[in-house]
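**Student:** Hints given; two lone chains; assemble the complex.
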Amino acid sequence: MENIVGIKFIDKIKGEGAVITWGRLFDIIDTTELLDVVKKRLIQCGAKNIESIELCYSLMEISDQPYFYECLVYFIQNPIPFGDGYATWVKKKRKTLLAGKEISFLGFKKQYVDYLERKTNGFLPKA
Amino acid sequence: MAFYLKRKLHNYFKQARISLKDVIAIKFFDKNMGQGACITWGRLYSNEELLSIVKIECYKQGFKDIELLEYAYSLQDVVRYPCFYEQWIYFAQQVIPYQSNYKNWVRIKRQFLMDGKDIKFLGYNAKKINKITSV
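Those sequence lines, one after another, are chains A and B.
Counting from 1, one number per residue, gives the positions in the first sequence under the numbering used here.
Counting from 1, one number per residue, gives the positions in the second sequence under the numbering used here.
Bound conformation, chain B alone (with noise of 0.2 Å):
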């Protein structure tokens, strides 16, 4: 029993510390709207689990064909689409409390995301993402 606590304690504390995956980019690209992207949480889901959730997502904001759906290999990956510092600041505006309360925090966002909330689309410009690539 001890050596369970002691180990459930351990990864707790492990999970609740920075982590550059905490806040991540989300890639996909649609039949008819192009490509598109989106930032929100990560380590709340499994990676499968979240994707799934996205795509939801994505479909209520209109990109209903969805062919590919992938997680960036990091931020640098979305800088380009067209609001994405709108989005990034509302994320960085937002503290994680590591110290404190770090479970009920998680809990907390995990139901924001199933509300679709804190899922924040980037824009799907395409044809500008194609143009600033190509500079």
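Okay, chain A solo, but in the shape it has when bound (with noise of 0.2 Å):
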């Protein structure tokens, strides 16, 4: 697994959807836990009827999500401590997670598609 993971999935009502975070602060390999823990973060963002979740192979899978890039910005400011500091920081990390916080969620891509269809028959004029 990577140091900051994409996590995609599909909610039977709002569509597809991602989040950005931290990967390896609970198993190096193993997704389980760490997906168990989106998950319950995922209902504070409105998916509550979450169909299937899962790992992304990398970024780029999710670049096309609505605020990828604002959320990336997050991840990009607060280089890991490897070395001396990385047990520490994990363990932070860990709590943070668990509190449901620093699981950046990137928008339900239906709503943005909506909303590029809504343009597309009102704004900006086709040069």
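Since the hints were made in silico from the structure, they are not lab data.
Quick caveat, the model's predicted, so the values are computed rather than measured.
Careful: at least some of the hints might be erroneous.
To be verified - With a straight-line cut-off of 30 Å between C-alpha atoms, the simulated DSSO-like cross-links for lysine-lysine are: (1) Lys119/A x Lys117/B; (2) Lys109/B x Lys101/A; (3) Lys93/A x Lys14/A; (4) Lys119/A x Lys60/B; (5) Lys48/A x Lys101/A; (6) Lys103/B x Lys101/A; (7) Lys39/A x Lys8/A; (8) Lys21/B x Lys48/A; (9) Lys55/B x Lys119/A; (10) Lys92/A x Lys39/A; (11) Lys12/A x Lys21/B.
**Tutor:** Here's what the structure looks like:
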């Protein structure tokens, strides 16, 4: 698993969505615990009927999500202290994730596509 | 008085928190030059105030016949413009000091926007954008 990971999911009602968060905190390989934590957080974001949830191969997979660039900035600005401080950092970040923080929700793609469709009929005349 | 101060403090901390609207994109359409967009700081001015500041800056950049000017849904909305990554990195490299000195940072950045700085244009190659969109 990578240090920063993308997790994509499908909600029965709201459709496709994704989050960015820290990887490798609970387990280096097994994603079960991380996905459980993310699932709990997603309820707060309005995704209450999750059909499927999975770890992405890379961030590229979710780079077309509505708030991808806004959320990625946070993870770029907070470098991981590899070396002496790493164990303490992992402990701290585990607590943060369990509290539902630093799981950045990238918005529902369906809402964004709807917006684009509305715009096609109104704003930005064809050049 | 205590109630007033408590409320003021509450509003301050509510504002000094990470938000999806800290960095925003604005799209526009110029009669002569076509589509264009820029990235800037959100939440420093009201929506209308910021649009008028951007409009003035657009004029300085040569977009003199602006027909439409509006907020993008998110940065994803302007990702296909030629200079998106260059300008996005500029904002990504700047950490907003939520923990301390936020008020001062807001004051400085408000002045920056007034001076036309930190309004980063992404290019206006309308033909190229249409080509990418249609792929």
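**Student:** Is Lys119/A close enough to Lys117/B, meaning Cα to Cα at most 30 Å?
**Tutor:** holds (29 Å)
**Student:** Check whether the Cα positions of Lys93/A and Lys14/A lie no farther apart than 30 Å.
**Tutor:** Distance of about 29 Å is within 30 Å: holds.
**Student:** With the threshold set at 30 Å, check whether the alpha-carbon distance from Lys92/A to Lys39/A stays at or below it.
**Tutor:** Between Lys92/A and Lys39/A the Cα gap is close to 20 Å, so the pair holds against 30 Å.
**Student:** Could you grab the alpha-carbon distance between Lys55/B and Lys119/A and see if it respects the 30 Å cut-off?
**Tutor:** This hinted pair holds, its Cα atoms lying about 21 Å apart.
**Student:** Checking one constraint from the list: CA of Lys12/A to CA of Lys21/B, max 30 Å. Satisfied?
**Tutor:** Given pair Lys12/A, Lys21/B holds - Cα atoms ~28 Å apart, limit 30 Å.
**Student:** Quickly compare the C-alpha distance for Lys39/A and Lys8/A to 30 Å and report which way the hint goes.
**Tutor:** With a Cα-Cα distance of about 11 Å, the restraint between Lys39/A and Lys8/A holds, given a limit of 30 Å.
**Student:** Holds or violated: Lys48/A with Lys101/A, Cα cutoff 30 Å?
**Tutor:** Since the Cα atoms of Lys48/A and Lys101/A sit roughly 18 Å apart, the hinted pair holds (cutoff 30 Å).
**Student:** Are the Cα positions of Lys21/B and Lys48/A separated by 30 Å at most?
**Tutor:** Given that 30 Å is the threshold and the Cα spacing comes to 25 Å, the pair holds.
**Student:** Is Lys109/B close enough to Lys101/A, meaning Cα to Cα at most 30 Å?
**Tutor:** holds (27 Å)
**Student:** Does the structure keep Lys103/B and Lys101/A at a Cα separation of 30 Å or less?
**Tutor:** Judged against 30 Å, a Cα distance of about 24 Å means the pair holds.
**Student:** Holds or violated: Lys119/A and Lys60/B, Cα atoms, limit 30 Å.
**Tutor:** Holds, at about 27 Å.
Consistency note: the structure conflicts with none of the earlier hints.
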